[in-house]
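Listed in order, the protein sequences are those of chains A, B and C.
Residue 235 is where the first sequence starts when you use the working numbering, and the numbers rise one by one after that.
Residue 22 is where the second sequence starts when you use the working numbering, and the numbers rise one by one after that.
Residue 8 is where the third sequence starts when you use the working numbering, and the numbers rise one by one after that.
Calculated directly from the structure, the hints in this document are not laboratory data.
Some clues are possibly wrong.
Cβ-to-Cβ under 8 Å is the rule here; a few derived chain B residues that face chain C [to be verified]:
#, residue
1, Trp-106
2, Gly-107
3, Arg-353
A virtual CB, placed ideally from N, CA and C, is assigned to each residue, including glycine.
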Amino acid sequence: MKDLKHLIYFENLLQEANNDLVKQAKADGKRAIGYTCYFMPEVLLDLPGCFSVRLRAPRCTSPDLATYYLSGRVCHYARSLMERALEGGYNFLDAQMGTETCTATCRFQEHLQQKHLDSVEDMRIIDNDDFFCEFSDIPFKNTENSYQHFETQLRAHVLEPLHEHFGIDISDETLLKAIEDHNEVCRLINEIGDYRKLDNPTITGYEFHVIQLVSLACPKYLILPYLRETAEEMKTREPDLKKNYRCKVVLAGSENDDPDFTKLIEGCGALVVCDRFCYGAVESRVPIELQEGKSPLRCIAEHYLKTSNCPRFMPQDEMRARKKRLADLAKEYKADGIIIASNKFCEYWSYERVIDTFILKRDYGLPVCSIEKEYINSASGQLRTRFQAFVESVEIKHIQEGK
Amino acid sequence: MAISFDVSKIQKKLAEKKEGVQKTVAELKANGFKKNMHDFWYGKPHTAEPGGRRLGELYEDKTGLLTHREWRGFKDTMYYMYMIWGYNYLHMVTDILKFSNNPIDFLKGTWRYRWMGQTYLPVIHWFERGLQGMRGEALYASAWHYRAMVSASIHQICTFFNADTRLHGGKENDAYKHTIFTNETTCGTLFYPWKDAGYQYVSMEMIPYFVTCHVNSHTVLNYIDAVQSLGLPGDPCPMCQAESGLFVLDDVPDSSPFIITCNEACDASVSTHTLQDWFADKPLFALPIPMQFDDPLVKKHCMNEIEEMWKFVEEQTGTPFNWESMKKYLERQNKLQRDEWEKWEVAAKTNFYPINGVAQALFRIYSTQYGIQTDCWEDASEKVKKIMYKCVEKKINPFPQTRHRVIAWSCAPLYYSNWCTWAYNCWGLNCIINMDSLMFDMEIRTDSYENMLEDMATYHMWAPMRRMAVGGMHHIFELWDYMQRFNCDMVAMYDQLQCKGMQGVHGLFEDEFRKRNVKAFWIPHALPDSRTVSRAEIRRQINDYMTTVMHEEPLDPSLLDFDDSMTW
Amino acid sequence: MKKCKCRMAKVFFKILKIFLIANVALFVVFFFDLDGKLMFNVVEPFLKKHYDNMERKDVLQEPYDLDKFPKYKY
């Protein structure tokens, strides 16, 4: 396939959290708001006057200082973020919108929270006088009580602090406009991503992963023109004459902002056609629907609780339904199997992976490759062997089925 | 069953015994009559000087069994034999007769469930480990706490077995229909409204997992291995692994038509219930504990969640919420809380508090978790208070060799909860209070439904571990306040290697200890899994700290190093 | 009467003897931790063997039905 025009530019943007577009937005006088979790609605952080940056710590391989603070028995992702913060890599942030959605990232963010404890000396990790960190309580269920609660939390801990600290307009009209802009990004990403559903996809999983990540890590208003251009480019992109993959897979699992991991899988012959993991597009790029009689904020609160497939969701029906949703994605994207990848020390996904491995195979007949990975993996020979073996097993299955 | 004898082993043992007897005889001769009579009547003194007691010499190698029990002086040995050892053996039987609908079910359950058979029988050895070296009022009072815990445990076991369909040919009897299953850390208090209608609530894992770790730490290893055999990595919290493993090995009684779970205390607990849901396959209601519990906005949400759970119970049982029942048991619980405050006051301000570290911690966890299901907590509390009043009145210091008043922080090693008994005997480290005891540190108002619900939400959010281990950082560092309140000069900092919440504040604690010049030692452990950090390793770490940092000499050098790797 | 008293004394001493022997036996069991040794060396290994060899349900065969239970939303 012909190279995507902006791919190298996108790749470069992903080398640093404080990338060129972030710098440009800061120079435009906008406030950079960091977050880590899907449950912090990025649409609220992209209101006029500020922009969202989903935190990453690219190329962080040895988080030594962070290991002192968080110990070596906490997920590598949280430690990498902490290391980058201690190195001064997030000093561009004006605020961090914290969520206690997983313990490790919560602890990282608590270290950023300044001047709130008499009992611990302020570490002032983010060297920015304006910086503040605010936590929201994220419900575990998608019930009416949870929607109400989430809406209250978002107002009290996201909108109001943004207004108080930076004078951000948080009126309903502004929120409606933000939703519109957000949906535009979603529409473009989905348009690009849908080419993965073709019998012979015209985009690789790696390319899509890069595009999805830049949409999370860069100011939306600055990345939009590039996304539009890429979407246009995709319309005429021709697939390679000869298929250069041996099977198609859905990649599901915990936090993954490392496109090289997708590249590693694809290097073993499995084309990643769907990305249902934290930082993936399956949930985060579902457009927000406005509902009559409900405020924009309420719609946002409901949207994020309804669309999430996070294993921290506790209701019985939800726990069971998300297995089916994963199987449905495999069908929708014409995948031959599923790779479930959990980060080492990620407790949610360690369990979810075990259940998925059994249930998807037993109840939905899908081959499953179950692996545990680190935050940065590109050099892993062991994983390569696992993926190669999985691809072979899928091929053998196809031969046995006479496909 | 083939029985083989290794003659050389037996000969070696006999030779050792002979040597031991000869040594004792020589010692008695050397001591002289007066000293021997003094030791007979009062027991050997707790001192490093020659002639002092040497508890480490009582252990058999590796097993932790005793060549013989300690002679605590005539009165205390007789008290121990009749009022602790004999009394509790006897009451283990009478409690079964009292709480069981049919004692045969109890035997069937013992045969059916590993956690039951392997754990119940060595209970008295659990007393032994916790009470070793205790004398006088410390021995009497601490033993009452143990007694209450055993009684409550039997009550729970009987609740399981009375209702268990597996022990009744698959039949769902009346007890089954009147049992509410909860996950371990859902506080029992929430189910008082159904108590007067004959409903019993029981945690699915409190006895099969939690109690077994204290009594016989071998049992739980089977469950941890079982869940890992499904492909679960070894790094999630081992408590949650063990809880899941119970289901993997099909070792949870089928005693209730439905289940209520919660997310206490951590990510792994949330995930545990996904496995439990699959394997139990029963109606399940998730009752989350909100994470940002200091936020006043969160309370309303939590109150709604609790009310939804009550609706679920009403729906499942067909029995309405009963405010009078709720009020009645809450008032009893509040009284127990006030008793505890009274005890803490004495512990904080005087040297007359007669409960040792392990008895204090476990009693508090067991009682708050199980709630007022039997009278045992109140009975024990009254007895202990009487002993405590006597200590205060007569100025008896039950721990006279105290060198440091220690506060234990974070979550404790379940397989070595009695480390503090060892630490007192070996080093004079008296564990005054610990973090687990400070959970649920409140009364619940009963003057109106609204007030009760509001307090209940707080109570629910102040669950064990949630508030101070995995919860917001602010509460974890309440340590400094509690150190001051309980007049402690040293911190025993538990380092649960697989607790992401506590690992995530490790460095900050190090920093703060240094800045504040707080004397603190770390106790690494993996909650129930004694294979990760052995008891000997825990002792070694404390020994190192006491010798290299504190430059102190042990009170009982025989306890510095001994091998109890195979012990319960 | 004398005979009766003598008989009562005999019974009394017999009871006392039994009581003393029982207490001494109990003391031996207690003091030498014979109960612990019995549990550790005999009872526990026996029970462990029993539990290890017990037939158990393969829980992985448990159904995982989607709509078996209502949503419990109130």
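Results of checking the hints against the structure:
{"no.": "1", "hint": "Trp-106", "result": "5 Å, holds"}
{"no.": "2", "hint": "Gly-107", "result": "7 Å, holds"}
{"no.": "3", "hint": "Arg-353", "result": "29 Å, violated"}
Hint violations for this structure: number 3 only, all remaining hints satisfied.
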